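Colleague: From first to last, the protein sequence lines are chains A and B.
Heads up, the first sequence is in this note's numbering, so the first residue is 1 and it goes up one at a time.
Heads up, the second sequence is in this note's numbering, so the first residue is 112 and it goes up one at a time.
In case anyone wonders, no lab produced these hints; they're calculated from the structure.
Just to be clear, a hint being listed does not mean it is correct.
Simulated DEER-style distance windows between Cβ atoms [to be verified]: (1) 57(A) to 142(B): 28 to 34 Å; (2) 205(B) to 13(A): 17 to 23 Å; (3) 112(B) to 73(A): 30 to 36 Å; (4) 104(A) to 162(B): 25 to 31 Å; (5) 162(B) to 70(A): 31 to 37 Å; (6) 107(A) to 180(B): 26 to 32 Å; (7) 82(A) to 167(B): 42 to 48 Å.
These numbers come from a predicted model, not from an experiment.
Note that CB positions come from ideal geometry on N, CA and C, so glycine has one too.
Spelled out from the first residue to the last, the chains are:
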Amino acid sequence: DAGITQSPRYKITETGRQVTLMCHQTWSHSYMFWYRQDLGHGLRLIYYSAAADITDKGEVPDGYVVSRSKTENFPLTLESATRSQTSVYFCASSTVSLPLHFGNGTRLTVT
Amino acid sequence: DQQVKQNSPSLSVQEGRISILNCDYTNSMFDYFLWYKKYPAEGPTFLISISSIKDKNEDGRFTVFLNKSAKHLSLHIVPSQPGDSAVYFCAARAGANNLFFGTGTRLTVIP
């Protein structure tokens, strides 16, 4: 029972580079989410998806792009990374009901 | 602007005593509330939840209380155990399973 997996666990990239964080879930959950965790802010929603090919902006979407061509995958792309995007990123999934189930996160550092 | 607030960044409690974690919210449209627990280098894990139509929900050592008039939520852990030491996040739903999270409270249970 793999659940929800994120890759990579750690990533260091340079300002201006494109980077993609991967998220894969084995539950066939319809909903998937991307959150970032920063000190003093808790977890903030970046994007979410209610089903394949349906995505919506969350609280802090600027600078990020998502896609969901398959139910099980929900990659998050930083098109041109900035230092303010240094954070821990969590992917989550759920059925139409709560709760959300989270992956173990990707720690991203932008230098 | 933080819609869900946890004003205590940290809390220390002796093993066997009660831990009380508090959470305040500002949006009266929130209809569902959850508590998550997070260990270092792991994703948040769901602990307990409560619907806005209830004022109490209990699951073993964990009880969540909701005071809608005060827009206040609390989590009681009795008795506290060293394994409960973690960061606790409260979260509130604003529709489509979108959760707004507080900034977290680090609980330390002293043996």
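Colleague: All hints are to be evaluated individually against the structure, with a verdict given for each.
Modeller: Now for the hints, and whether the structure bears them out:
Roughly 21 Å separates the CB atoms of residue 57(A) and residue 142(B), a value that falls outside the hinted 28 to 34 Å. Range check, residue 205(B) to residue 13(A): Cβ separation about 32 Å, and the 17 to 23 Å hint is violated. Our hint of 30 to 36 Å for residue 112(B) and residue 73(A) holds, since their Cβ atoms are close to 33 Å apart. At about 29 Å, the CB distance of residue 104(A) to residue 162(B) agrees with the hint of 25 to 31 Å.
The supplied range of 31 to 37 Å is met by residue 162(B) and residue 70(A), whose beta-carbon atoms lie about 32 Å from each other. The hint said 26 to 32 Å for the Cβ distance between residue 107(A) and residue 180(B), and at roughly 40 Å that hint is violated. Here the CB-CB span from residue 82(A) to residue 167(B) is close to 45 Å, well matched to the stated 42 to 48 Å.
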